[in-house]
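A.B. asks: Spelled out, the chains give:
Protein chains: 2
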Amino acid sequence: MNRTAFFIATGSELINFKVNQYAPLFSEKLKDHGIHLKGEITVGDDLADIKKALIFALKNYGLIISCGGLGPTFDDLTRRAFSEVLGIKLVRSKKIASFLKRKYRLAALPPNMTDQRLVMKGAELFQNDNGTAFGQAVSAKGRTIILLPGPRNEWEPMWGKSVKKFLAGKFRSKKTGSERFKIADMKEMEVQKILNPLMERHKNAGYTVLAGPNICEFSFRTAEKKQALKIKKEIQRALREKIYGYGTETLEGNLGKALRKRGKTLAAAESCTGGLLSSLITDVPGSSDYFKGGVNAYSNAAKMEVLGVKKATLKKSGSVSVECASEMAERARTLFKTDYAVSVTGIAGPGGGTPQKPVGLVYFGLASEGGTLVFKKNFRGGRKFIKNCSANTALFLALKLIKCGEGVRRKA
Amino acid sequence: MNRTAFFIATGSELINFKVNQYAPLFSEKLKDHGIHLKGEITVGDDLADIKKALIFALKNYGLIISCGGLGPTFDDLTRRAFSEVLGIKLVRSKKIASFLKRKYRLAALPPNMTDQRLVMKGAELFQNDNGTAFGQAVSAKGRTIILLPGPRNEWEPMWGKSVKKFLAGKFRSKKTGSERFKIADMKEMEVQKILNPLMERHKNAGYTVLAGPNICEFSFRTAEKKQALKIKKEIQRALREKIYGYGTETLEGNLGKALRKRGKTLAAAESCTGGLLSSLITDVPGSSDYFKGGVNAYSNAAKMEVLGVKKATLKKSGSVSVECASEMAERARTLFKTDYAVSVTGIAGPGGGTPQKPVGLVYFGLASEGGTLVFKKNFRGGRKFIKNCSANTALFLALKLIKCGEGVRRKA
Chain A
1 MNRTAFFIAT GSELINFKVN QYAPLFSEKL KDHGIHLKGE ITVGDDLADI
51 KKALIFALKN YGLIISCGGL GPTFDDLTRR AFSEVLGIKL VRSKKIASFL
101 KRKYRLAALP PNMTDQRLVM KGAELFQNDN GTAFGQAVSA KGRTIILLPG
151 PRNEWEPMWG KSVKKFLAGK FRSKKTGSER FKIADMKEME VQKILNPLME
201 RHKNAGYTVL AGPNICEFSF RTAEKKQALK IKKEIQRALR EKIYGYGTET
251 LEGNLGKALR KRGKTLAAAE SCTGGLLSSL ITDVPGSSDY FKGGVNAYSN
301 AAKMEVLGVK KATLKKSGSV SVECASEMAE RARTLFKTDY AVSVTGIAGP
351 GGGTPQKPVG LVYFGLASEG GTLVFKKNFR GGRKFIKNCS ANTALFLALK
401 LIKCGEGVRR KA
Chain B
1 MNRTAFFIAT GSELINFKVN QYAPLFSEKL KDHGIHLKGE ITVGDDLADI
51 KKALIFALKN YGLIISCGGL GPTFDDLTRR AFSEVLGIKL VRSKKIASFL
101 KRKYRLAALP PNMTDQRLVM KGAELFQNDN GTAFGQAVSA KGRTIILLPG
151 PRNEWEPMWG KSVKKFLAGK FRSKKTGSER FKIADMKEME VQKILNPLME
201 RHKNAGYTVL AGPNICEFSF RTAEKKQALK IKKEIQRALR EKIYGYGTET
251 LEGNLGKALR KRGKTLAAAE SCTGGLLSSL ITDVPGSSDY FKGGVNAYSN
301 AAKMEVLGVK KATLKKSGSV SVECASEMAE RARTLFKTDY AVSVTGIAGP
351 GGGTPQKPVG LVYFGLASEG GTLVFKKNFR GGRKFIKNCS ANTALFLALK
401 LIKCGEGVRR KA
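Quick mapping for you: the protein sequence lines, in order, are chains A and B. Residue numbering for the first sequence is 1 to 412, as defined by our numbering. Residue numbering for the second sequence is 1 to 412, as defined by our numbering.
Wrong hints could be hidden among the right ones.
Which copy is meant is left open, so a pair is good if it fits within one copy or across any two.
As a list, the in silico SDA-like pairs of lysine to any residue whose alpha-carbon atoms are at most 20 Å apart [to be verified]:
id	residue 1	residue 2
1	K95	L109
2	K101	G253
3	K103	T354
4	K384	Y104
5	K187	R3
6	K18	F385
7	K59	A48
8	K261	M304
9	K31	F166
10	K182	S12
11	K310	G286
12	K315	P358
13	K31	P197
Source of the hints: derived by calculation from the structure; they are not laboratory data.
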């Protein structure tokens, strides 16, 4: 059985100005049926382009799902394109006509609804509880073809209510195992160096690495539940505490959970991240429960006068130093009266670097009752990338230390 | 000349969990060259799928652009797939090798960079200022094919610097007039209500509205330069000071320019934006020249103890009020010793709303020598959207007032 799927999105707006969010949504849903979404194509409201896309999909993949172009307007061309390519006549469905008449309390269908009755002959129909376009499915040319309406609030309930059942009948489900690891403080290359040889020993598993600013995601998938558990354990042993979460978890979300669980509070003192670290922390709903605030000390004057870093420290060590990072964290902890405070000070560039303190050099401080730890990192990239690397690293270090225990040693 | 284009995005993450934002971005850029983006296909990091996608595109469209899969890792397969389908050998580019060695100060390329030299024989190369993967372009089978790296901060500067020039040479551009307006403090609907009737009077012009968090982009395009000037003037008259910039200008960039031009400095006091406003301001290279810092006062204690808002104010009016916004801005201006200070305080949600002060209610303050102005807005949406609306609005109000003159009245 061909367990590959391909997605066709139709709608000129998806080419011109609207972001297309279909693929990840359908990919996730199809995994439940052991079906692998191999790709998606987006075309405008253009009969020839829709037909070309369908011909391509039919040639290569087992299940074809399309979204959009089932509305009653002139540019809704999906039914016609599919019927012409598949060689299946469009017929009028009495079932749909009477459903629409009942739903909208009409004696007869108005002109703008008459096309909504059209279905491919022999199609299985999926009722639409939130719109006028029914979904439909046919088998042709050895493929399964499903047409769904475009708006998410129409196709998603339809999926849960009827498409799922239809697929379960067609594609007897296989048990599959998968996991997505969220990794921080490692480069994509370092992750691959460790995990590629590990994954090569598991011939049947597929995997992906996705790199972000000093964070990574590693996902794998295999047909066997047992093998999946084994792989998961091996990866955990290989990456250890660099794994900060799973699935859709985030650094800021998990940091929030760790603080909430322990009933602790946090403050921030930022220089080169300029507010980004605090902004990430406050992206989490309810973060005001544990995050009390921060100071963005973007000038030496602000570091001294608002945050209270000693003039002597700045004079002797400079603002990008172990000493300054340490004092920034300690001062923020005192000012905001929190259990923990995290600090970031570095050079985001493109200007401001020197041979001794190059662009990308960043110090992190974490102050707690037990003392203050300072870390040093070097990042490479543009200004925004270094800002993001720095903010993610600050979140990760705070999360790790808060989880590891409160009795933090004095200076690292 | 075949002026149709097709886009190929590669990367398993775009199928599995990451939203694909390419099509609208490229559609817009191609319009400058009179090229019509007809569709896009996304495939995972799978050699066979990438090849199928390319074969499909070659059959149907004149210009093929791909993004992604040029990185140095095992799952970066684009070069190989294209070389195999097009029948063009991959060769090692000395130019790229010496560029990378110079850039990263290396005596020899490390193993993880050796693939970055590979280019299709005879390809035109596009230098990457923000990464290791060069772009490349070839002509084959009567088509023009361009390969670009995936990250937007890599391909977008590359586009402006070299791809544009390459396309202008290949596709002799029709003389067209166009403009992109950057608009703030208006909803997409409000922009359309004003500009749709205006544009309907210009039959030959096409236009697009792109909505963001309390900001909008409006682009139009026409075949005649003269008509374009006329349309531009009409739009300027219709939207007036809501237009904050043109082309690729940003709110934070233009705010920086306005401050720099006047030799003035800025500080921020944030509550519901939690650092996002300061982070946007400091995304601009050189912003430390005029931005001195800010306080993220995420709790009432921080508002009082760090920022110095009066207890009586919080008790009487609450933290989301004209009075609090006003004091926050004034206190930040004093603390950071700046010419201006901007404040934001509101309810980002999802919790914390009341019938009197619902989620999305936000106050903005701008303090200057001449006094303090306060503005009130209501936004609708999720937490991150409200944060972004608030930060953009704060930037816009600050920009507008700083440009309008220093003699700011006392309280609005």
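A.B. asks: Work down the list of hints and note, for each, if the structure agrees.
C.D. replies: Evaluated hints:
When the C-alpha separation of K95 and L109 is checked against a cutoff of 20 Å, the pair qualifies only within one copy, where the shortest distance is 13 Å, while the shortest distance between copies is 67 Å. Neither within a single protomer nor between protomers do K101 and G253 lie at most 20 Å apart by alpha-carbon distance, with minima of 33 Å and 39 Å respectively. Proximity of K103 and T354 under a CA criterion of 20 Å is satisfied inter-copy only: 16 Å between copies versus 55 Å inside one chain copy. Taking CA atoms no more than 20 Å apart as the test, K384 paired with Y104 passes between copies only; the shortest distance there is 19 Å, against 37 Å inside one copy.
In the homo-oligomer, the alpha carbons of K187 and R3 never lie at most 20 Å apart, since the shortest distance is 34 Å inside one protomer and 41 Å across protomers. In this homomeric assembly, K18 and F385 come within 20 Å of each other (Cα to Cα) both inside a single copy, at 18 Å, and across copies, at 17 Å. Taking CA atoms no more than 20 Å apart as the test, K59 paired with A48 passes in both settings, with 17 Å inside one copy and 13 Å between copies. For the identical chains of this complex, K261 and M304 are neighbours neither inside a copy (34 Å) nor across copies (27 Å), given an alpha-carbon limit of 20 Å.
Proximity of K31 to F166 under the C-alpha cut-off of 20 Å is restricted to the intra-copy arrangement: shortest distance 15 Å within a copy versus 42 Å between copies. Taking CA atoms no more than 20 Å apart as the test, K182 paired with S12 passes between copies only; the shortest distance there is 16 Å, against 33 Å inside one copy. In this assembly of identical chains, K310 and G286 lie within 20 Å of each other by CA distance neither inside one copy nor across copies; the values are 34 Å within and 25 Å between. With identical chains, the CA atoms of K315 and P358 are at most 20 Å apart within one copy only, with a shortest distance of 19 Å there and 48 Å across copies.
For a Cα distance limit of 20 Å, the shortest separation of K31 from P197 qualifies neither inside one copy, at 23 Å, nor across copies, at 46 Å.
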